[in-house]
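Could you build the full structure based on these sequences and the hints that come with them?
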Amino acid sequence: MKRLRDSGYLDNLSTCSSDLYPHLPPHQPSHTAQYFATIAATMGAMAVGSVTGYTSPAEVQLDKPTTTTTSSTLTYTNTNTINSTSWLPLDTIQSSWFVASPFLGAAVGAVIGGVAINWVGRRTTMLASFPLFLINWVLVASAQNFWMLVSGRLVAGVSIGLTCTAVPTFIAECASPDIRGALGSTFQIMLAMGVVYPLALGTLVISWRWLAVLSAIPAIVHFGLVFFIKESPIFLMAK
1 MKRLRDSGYL DNLSTCSSDL YPHLPPHQPS HTAQYFATIA ATMGAMAVGS VTGYTSPAEV
61 QLDKPTTTTT SSTLTYTNTN TINSTSWLPL DTIQSSWFVA SPFLGAAVGA VIGGVAINWV
121 GRRTTMLASF PLFLINWVLV ASAQNFWMLV SGRLVAGVSI GLTCTAVPTF IAECASPDIR
181 GALGSTFQIM LAMGVVYPLA LGTLVISWRW LAVLSAIPAI VHFGLVFFIK ESPIFLMAK
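Residue numbers (UniProt numbering): 1 to 239.
Quick list of simulated restraints, FRET-style, between CB atoms:
(1) Gln144 <-> Ala192: 30 to 36 Å
(2) Val138 <-> Asp91: 20 to 26 Å
(3) Ile93 <-> Ile220: 28 to 34 Å
(4) Ala172 <-> Glu59: 34 to 40 Å
(5) Arg180 <-> Leu204: 34 to 40 Å
(6) Ile93 <-> Lys239: 46 to 52 Å
(7) Gln94 <-> Met237: 46 to 52 Å
(8) Asp178 <-> Ala100: 39 to 45 Å
(9) Phe228 <-> Asn118: 21 to 27 Å
(10) Ala100 <-> Ile135: 17 to 23 Å
(11) Pro177 <-> Ser95: 43 to 49 Å
Think of the hints as simulated: they come from the structure by calculation, not from any bench. Small disclaimer: the values here were computed from a predicted structure and weren't measured. Virtual Cβ for every residue (Gly too), placed ideally from N, Cα, C.
Shown next as structure tokens:
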């Protein structure tokens with residue numbers, strides 16, 4: 001009960017909660033904790049969007065080395081400062097796998113997430129998604145071949161499945177009725193912002209490796225903020 005009281009989310013309960021849960025202490029509603037928790041959680045949605053949004057600018061850069069033309073000769077010039085290979089040309093099938101692999105991983109992650117949110121909690125599941133996001137971006141940024149790219153993207157997909165299961169559940173359980181709809185909509189808003197983020201960066205960053213490094217920022221912020229929020233009150237009551 002103390003963990004539930006300290007969570008700051010008691011005002012997510014309906015007006016009839018005193019009849020349903022007479023053992024709960026009286027409280028004055030405050031939305032501050034809910035707003036912060038929503039921002040922290042939905043940064044995960046932005047991290048998800050960054051994975052999917054990365055595909056378009058990266059795919060163009062992967063197949064397009066920096067070139068200079070002298071007479072009729074085409075010369076490839078390496079401009080990458082992270083790795084000696086600045087481009088990895090993909091054939092049609094490989095490009096399809098590069099695009100689709102996160103969604104395949106997400107199907108697995110969703111199944112795992114459905115079990116995890118009830119076993120270890122919504123917050124812990126969100127925290128557990130971070131190492132997978134990080135592994136993805138490290139593999140992609142340092143990729144030497146197609147298999148490293150796809151492996152990273154598959155791992156990212158598992159993290160996407162975990163995040164898309166845990167975050168909406170967490171927000172719905174932490175938001176009070178008067179702001180639940182507004183807070184619930186932030187997941188899709190942040191997801192869209194996450195997609196736009198690498199697309200915008202792609203117009204400024206010429207290296208797909210550096211683009212991967214910068215695309216990891218939303219996941220890092222998500223992980224840091226989730227450390228400062230409490231677990232869902234519904235999960236706490238269930239335990």
